[in-house]
Structure formats: structure tokens, C-alpha cells
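Asks: Going down the list, the sequences are from chains A and B. If you're matching positions, the first sequence starts at 1 in the working numbering and goes up one per residue. If you're matching positions, the second sequence starts at 1 in the working numbering and goes up one per residue.
Just so you know, these hints were derived from the structure itself, not from any lab. It cannot be assumed that every hint is accurate.
Said to hold, decoys possible - Lysine-lysine pairs mimicking DSSO-like chemistry, simulated, CA-CA at most 30 Å apart:
| id | chain 1 | residue 1 | chain 2 | residue 2 |
| --- | --- | --- | --- | --- |
| 1 | B | K102 | A | K99 |
| 2 | B | K375 | A | K35 |
| 3 | B | K386 | A | K270 |
| 4 | A | K35 | B | K397 |
| 5 | B | K580 | B | K332 |
| 6 | B | K318 | A | K187 |
| 7 | B | K102 | A | K188 |
| 8 | B | K386 | A | K35 |
| 9 | A | K187 | B | K102 |
| 10 | A | K230 | B | K318 |
| 11 | B | K580 | A | K35 |
| 12 | B | K73 | A | K99 |
| 13 | B | K318 | A | K188 |
| 14 | A | K230 | B | K386 |
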Amino acid sequence: MKSFACSILLLMLFLGVAVLEARQSTVYASVVSTKLFVVGAPNPQTGLFYQKTSDDTLWQHTGRNNIRAFGVDVHTPSKGNVLCIASGNGVHQSVDGGKTWKITTGWRITEVLSVAIDPRAAKTLYCSTPYGVYKTTDGGTTWNERTNGMGTIFVQTVTIDRNNPERLYCATEEGVYRSEDGAGTWKKTGLHVGGVRSLAQHPVNSDVLFVGTDDFGIYATTNGGKYWEKMAAGLDHVAFYTMVFDPTNPDVMYAGGYSTGVYKSVDGGKSWQRMNDGLTNLNVHAIAVDPTNGNRVYAGTMFGGIFKSENGGTTWRYAGLSGAQVWTMTVQPF
Amino acid sequence: MGAFGPMKTTFPILLLVMVRAVAPAQSVFEQRHAEVVRVASDERDRSFSTITAKLKTGNDVPYALAMLDSLTKDEAIGGMFYSYSLIGCYLHTQDLLPDSLKRKVREAYRTRTMYRGDTENHWVMYYTGLYLAAQTWPDEEGSRWFNGRSSSENFQEARDWLDHWITISSTRGQGEFDSPTYITTFMTPMVVLYDFALDPVMKKKAQMMLDLLFVDFAAEHLQGNYGGGHSRDYPEDIINPLAAPSTFWAWLYFGEPGFPPWVETRYRPRHRSGWEPVFGAVSSYRLPDIIYRIATDRTTPYVHTETKRVRNVIRFGKELNPPAFKYTYVTKNYILGSLHGGILQPIQQHTWDVTYVSDKPNNTIFTLHPFYSGKELAMFFPEEEKFLSDEVDRYHKVYTNPNKWNSSSPYEQTFQHKNALIVLYHIEQGVKQPHINGFFPKNLDEFVRNASGWIFCRAGGTYVAIYPLKPYQWMEEEVNWRLRSHELNNGFVVEVGSLDEDGSFEAFQKRLRLKKPEYSGFDSNRTVEYITRNGDRMKFTFGGERVLNGRHHSFKEYGFFNGPFVQSKLGSGVIRMKYKNQTRTLNFNNVSLVDTP
């Protein structure tokens, strides 16, 4: 009887661990290049990497090697079965969790900087390029230019509103544009500065947006872009390449950019504090927060690989991909 | 006597005369063609061109097969350079390859990343490779290709882009135009496309593009040198023009210079490890005689102008592809050529020089502002502005170097009329590297820094005079003297002459010692007026007007091509070559070429 009870206990422990394992999030990082990159030459592996949150410095590669991978988006409802890479060659798409890949775009779409998958319709994709925005509604079989009202301008990122998939925002060289009709038409928002590098939407109130700019610091709006307010005095001329909310606590935000390390705000972006203990590369281009554990934060750097914090940015440690130019990161809850 | 009576006797004689005129050049071409393949077949470097040469000649075949095998195994290698040359090698030699190796070549197009790249030459190589590979293995599913696209999708995409490139290149010019280095990356894919495109229209387009590339080169060619301004070039080739890969193509097709590029130790031949002209040597493409004549007849000096285009400006600009204007004066002794100035290409632009015929290396003189900025690069590349300079420096080595010999600069502009040039600099306060560099080879036959302010140079029968507007330093380096000036508002007046034009070097100097440019108030008005030794009055204001003999100098007159040998209206798609009574007209609108007589 005693041995039976022990067996049951062990089985429960095993199942518990297995469940915990299953609940581990997956971290994705798109790597544009490394310090050794030369176009056309034999190059160290770059592209899309992923790991489980327990994988320490171990990363696995998926998709094509050396594609100048700028962006990645993962379709959360399909648990990552559909995922896309924004790359120099176009939009790479997998619909089987990364087993096979296809470049869905032709020659007219190039230097793709970001890609966004509509969470409610995985065949609807948007991508941003130096030549504007493109959209497909058939999973990439046909792409159409969607620049009405915007023109051929440099678009860094395209973001789908979390509450309304017809509403989109673009961070561009000329400010922020907004569409209410699935990229059919675009209208410039009230932001009066350009060089917008990143855009973050509040996890609860979708009218609250923050942007990081190349030379003008951080701006925020509480009305979907009608009016913008300059945030964080003292960071006026800092270049911010990435801004994210902690999905588990909307008052917590992180931002990173050129020589900034990681800035953290715990009051919804009103004030910011540098959190760089252990972060040995201060050029941060990507930050991602684990949606299952807000204390777990990743920072992707320019040519310094990835750093990880388990305490909300208080301390950091190196987490792999040495020398990588990490452009975008995301953590998915599966 | 019938209507055709006189022809019965005169036609064969005429034909004989024509054959005699053409035959030597052509037969010598065939000899050169064979020599390139023979010499390349002895090379041991691991390249598809030398493999092709070995297999074509039957020389060193086991080694060639082993090299090809290793190149299909090494997964670290891939990309656009690999793609087009692998399929070129394969199509030239497939009858000689064992089935196992054929399968490995095919497999490479599934397992490798054939990255498309981010420059015009990258795309030409990538899409040529993709076109021919998809043509070679049609009707295959996406799972058989590196990009997941089917053979038909790949073929259609490649064909569409090649059509697009041919159209824009034949109407508005190349973005990477007239490059002594990158010419290889356009010529080679086009000869391979010409040899193997099954679609007769695409084959014809490839032939016409080759004619266009060659005549573009020929009109600014002088005994192996690619004269005039260049969109892109490496510093080693800029200061030593015959070391450029274009020399190899010139020797192979124009027969100049008079020695094979690989035997001349005076020219550090960067192309030694690049035997891509092998693909030209084994090609069935033959240079039209008219282009050969245009490349080699320097009996009469001439002005040749062109309009090209800037590569895609993706931010910080008003226009996607602004025009680039080019002016070149060609004589049998030298070429003086210039781009109009500003940023026309990032990183490797060469704005002006005089390149002269010489039996010594480093046969060129020029000045530049060694500008660099992340913003310049961010105009053309999507990566972050604050990191781009370092990134480019990593593989182009000299981008941020204050002593570099290639540069575009927004602070440099030129105005040329025949053998006279004014180059002006207006460098803003606070700009990095606020100085001007000038290259003067140390092996000049005569060199005088005269009290009149002129610097006089003689190299063989070519004379160069340069008048710096402001003070400068003179620095000795390994192969050259470096003129360096830290004056932010500065400029040079350049006159080039020769034994034919000026008589003795002393006479040339004497004519110029009495001449001085007028530039009082230059710091505020940035204007120079100068009457050339031939009596033409040039007036040039930096950022302002160019005036010749009281008349506004208009770039509109440059045409797409405008010169005695090549004429084309910008945007027309029709390029007309002319040499004596011969003409050849390329009409890209209806993909036709017409020769007369």
C-alpha cells in the first residue's frame, strides 16, 4: 500500500512537472545579422531563432538561414502554427509551426521590416517596408499595396489594434498613420515628429499608444493618436527602437534604444528609470515580456545577442546569440 | 548591263574589304577568348568560372569535379553570387557531369538560401540564377525550392523582374552605373542568360543588354581604362584604374590594353581571383564590330554625356531615383570625366578624375571630400542610421577612413566643359572629416608646383594643370602625393592637355601660368569664374548655376546618351550607335536591333 501511494505521488509529481513544462512560453527572436555578416559570403547563422523559457542560452534556428530577418509575428490562437518572418527577401511564412517555409511575396515587396498577422484571421497579413504597406487576405497568395493616404514612405512597423482588427497603426519616417478600414485608407495622426521606430499599444485601453522615435524620445497618446504628448523629460534626444507594455501589468513598460540600455516605467510611462545591471550591451533594439510571468523580460541588442532578466529588469544576464543584431522579439504563452 | 550589273563586280570586292577590316579584330578576339579559358583552366581557386574552364578544356577534370562537389556540399556558401554562377557552370558543362553531381547541383537550389541581396547587381545575379534554374527544372513543387515557391512561380517572378530591370536600365539608366568593379556582376549574368534563355525574346533582351553595357563602357574606354565618373568602385581600382575588373572585359572584347590582365604585375589585379570573364569567353555572344570600333578609335577627341539614376532613395529624399548627370571628354591620350556631384551612390562613388594613357600604374589624378554619415547610408538602406556606418565599415573597410579614395559627398559639385573642369567644395561646419584629399601619382614624368598657384603634371603625352583655390598641405605616401586642404570652402580648376593640343609641356604651362580663376568673395558667394585656355568662359556657383559663355548649362542636353558614337533620348528606350557609316539601333520597346548598312 505504501509503495502504491509512493508511486501515485511520483506520478503526480511527474505529471505536475510535465504540465509546468507544457506551460512554458516560447521566445522568438529575429536576427538580421552578426558582426561577421557580409552579403553573399559564407555567414554565421542568422534568421529566426526560438527557445523555451527554460532553455538558458540555447536557441534553435528555424526557417532559412541568412535572410536579414527584421521582424517576426506569431499567430497566438494557432499556438504558433502560423508564423511569419519579415526579411530582406520578403515575407517568409510557415503554416506548420516552422517545419516548412515559403516566401509569399514577389520582387515588388522587399526589405520587409515588420509583419503582422490578424489574430482573428490568420490568412490576413500586413507587412511594412521602406516603400509602404502591403496586405494579403489569402495567406500570401496575392499581396496588394495599401498606401492610400500615406504614399510611398518608409514604414518601420505596422500594428493591428488589439480590439479592432480593421484599425491599424503604422510607425513611419513621417510620423504615425492610422487606418480604420483594414489599410484601405490611411490618415496621419497628430504626432508632429518623424523617425518613429516603434509603437506599443496599451494591453487594456487600446486608445493609449506609446511611440519611440529615432531622435525625439518618447511620445504618447490617450485618444488613439489624435493628440500626442511628449513623455519622459530628459530623454528628449534619445533614440528608442523598442517599447513594450508588460502584458500582466499595464502600468509597467520597458523601452530600449541607442546607448540606452533598458528603461523601465512603473507608472504607465510618466517616469522612467534605467535598469542596466548586468546588461553589457546598451544598444537595445527588442524587448519582450513573458505573458505568463511579467518578471521575465528579454532584451535583444545590436550585435550583442540577447539578455534576460527574471526580476523585472533589476538584473540581467547574457542569454545567448552572441554577436547577433536582434531586431524583434516576442514571447508567446505556449 | 542589268540593274545589278555593277554590283556583280563591286559587291565581292566591298565584301572582301569589309571582311579584311573586321576579320583581324574578330580572329584576335577568338584567340583571346581561347587564352582566357586556357589560363583559367590552370587556376586552382575554387570558383565556378575556373571549374567551367577546366571542364570545357578537359584540363584538370578530376580536380574540377571535386571542386564542384565541394561547392555543392558546403552549406555555408550561398546567395546571389553562388546562384547565377552555379547554374552558369552547370549549363555549360552538364554533359560532362556525372548524374550524382547533377543531382547535387539541383539539390543546392533546395537546401541553400539564395539570398536576393540589397543592390542592383545582387538582384541581377539572383534573378538570372533563379530564371535559369527554374527553366532548367520546370514543373517542380515549392518543396523542391529554397524559397518554397514552385518552378513556375520562380520563373515568372524572375522573368518579371528581369523585364523590369531591362526596361529601367534602357530608359533611365542603371543605378550602379559605369562601375569598373561591378561591371562584372552585370556582364556575367547577362552572357549566361544570353547563352541559355530558351525564350527567344529573353535571349534577345540579354543580347541587347550586353550591347548596351558594352557600348556604355566603350564610349568611355581608353586602352583598358574605364574613364569618367563611376557610381561605385573600390579605392584600389580608383587609384590604379587598370587593376579594375573592367580591364579584363576590355582586354577580352576590345583588345586593350595590349597585355592580358593576369600577366601584369604592375597592376595589383584584384580580378586575379575573379575569373568571371571566363563566362564571356565561353559564351556565344559576340561583340558587334561597331562597339569594338567605338571602344578603340580615338582619332578625334569628343564629348560624351549621359544621364543615369541614383539607386532607390528610401528615406530623407524627395525622389525615389533622382538623375545622375555625367560628362566625359575623351581623347587618345586621356579621359577627363565627372559626375555632377552630391550623393549619387552611397559608399563607393567616384565623382571625377583625369585618367591618362601610361605605361605606369596609378595613371589618374582626382580630388574628393571623404564624407561619411549614417544618414547618407540610411537614405538607401533600411537598417538603423546610428549603426550603419560601422556596419558598412566592417565589409567595405574604408567607409569612415579620413584618407579614403572613394566617396560621395553632398559638399562636392562639378562643372565640366571639354578638357576643363571646376570642382567646388562647400563643407558645412561640424561635418566629420572636414577636409579634401587629392591624389597625384608619384610616378609622374614631370611635376611642378608653380608660384602662380598652378600644379602642373606631365605623364607621357598628357598634361594636367590644377589650380587649388585655397591653401593645402602636400603629403608623401607610398604611391602618391596627397593634397590635403582643411579649407571648408574650396575648389579646384582643372585643365588637361596633351602634346597634340598644346605642343610642349612648357608651352602648356606657359599658357596657364597667365590664367587665374576669379573667385573673390568665394566664402560668401561660392562662385568661380574662369576663362579656359581655349577661351571658353565658365562660371559656377556651388548650389547654383553653371554658365558657359553666358549661356545656362543644362543637364537636359545630356540625353540618355549624347555623343558622336551613342545617342539616345532619355526615356525613349531607343539607343543608336554610330561609327562612320555604320549604325546599330537597339529598340527596347519592340525588342529589336537594326544594323546599317
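Asks: For A:K230 and B:K386, compute the direct alpha-carbon distance and say whether it is at most 30 Å.
Replies: 22 Å, holds
Asks: Hint check: B:K102 vs A:K99, CA-CA at most 30 Å. Holds or violated?
Replies: 27 Å, holds
Asks: For the pair we were handed, B:K318 and A:K188, check the Cα-Cα distance against 30 Å.
Replies: 19 Å, holds
Asks: Holds or violated: B:K580 with A:K35, Cα cutoff 30 Å?
Replies: The hint is violated at about 55 Å.
Asks: Can you confirm whether the C-alpha distance between B:K386 and A:K270 stays at or below 30 Å?
Replies: 27 Å, holds
Asks: Given the hinted pair A:K35 and B:K397, is their alpha-carbon gap at most 30 Å?
Replies: Between A:K35 and B:K397 the Cα gap is close to 13 Å, so the pair holds against 30 Å.
Asks: Is it true that the CA of B:K318 sits at most 30 Å from the CA of A:K187?
Replies: With Cα atoms ~20 Å apart, B:K318 and A:K187 stay inside 30 Å; holds.
Asks: Does the structure keep B:K73 and A:K99 at a Cα separation of 30 Å or less?
Replies: Between B:K73 and A:K99 the Cα gap is close to 22 Å, so the pair holds against 30 Å.
Asks: Would the hint linking A:K187 and B:K102 be met if the CA-CA limit is 30 Å?
Replies: With a Cα-Cα distance of about 55 Å, the restraint between A:K187 and B:K102 is violated, given a limit of 30 Å.
Asks: Mind checking the alpha carbons of A:K230 and B:K318 for me, to see if they're no more than 30 Å apart?
Replies: Holds, because 28 Å separates the two Cα atoms, which is no more than 30 Å.
Asks: Check whether the Cα positions of B:K375 and A:K35 lie no farther apart than 30 Å.
Replies: With Cα atoms ~20 Å apart, B:K375 and A:K35 stay inside 30 Å; holds.
Asks: Taking only the CA atoms, is the gap from B:K580 to B:K332 under or equal to 30 Å?
Replies: 17 Å, holds
Of the numbered hints stated above, those contradicted by the structure are hints 7, 9, 11, listed in ascending order.
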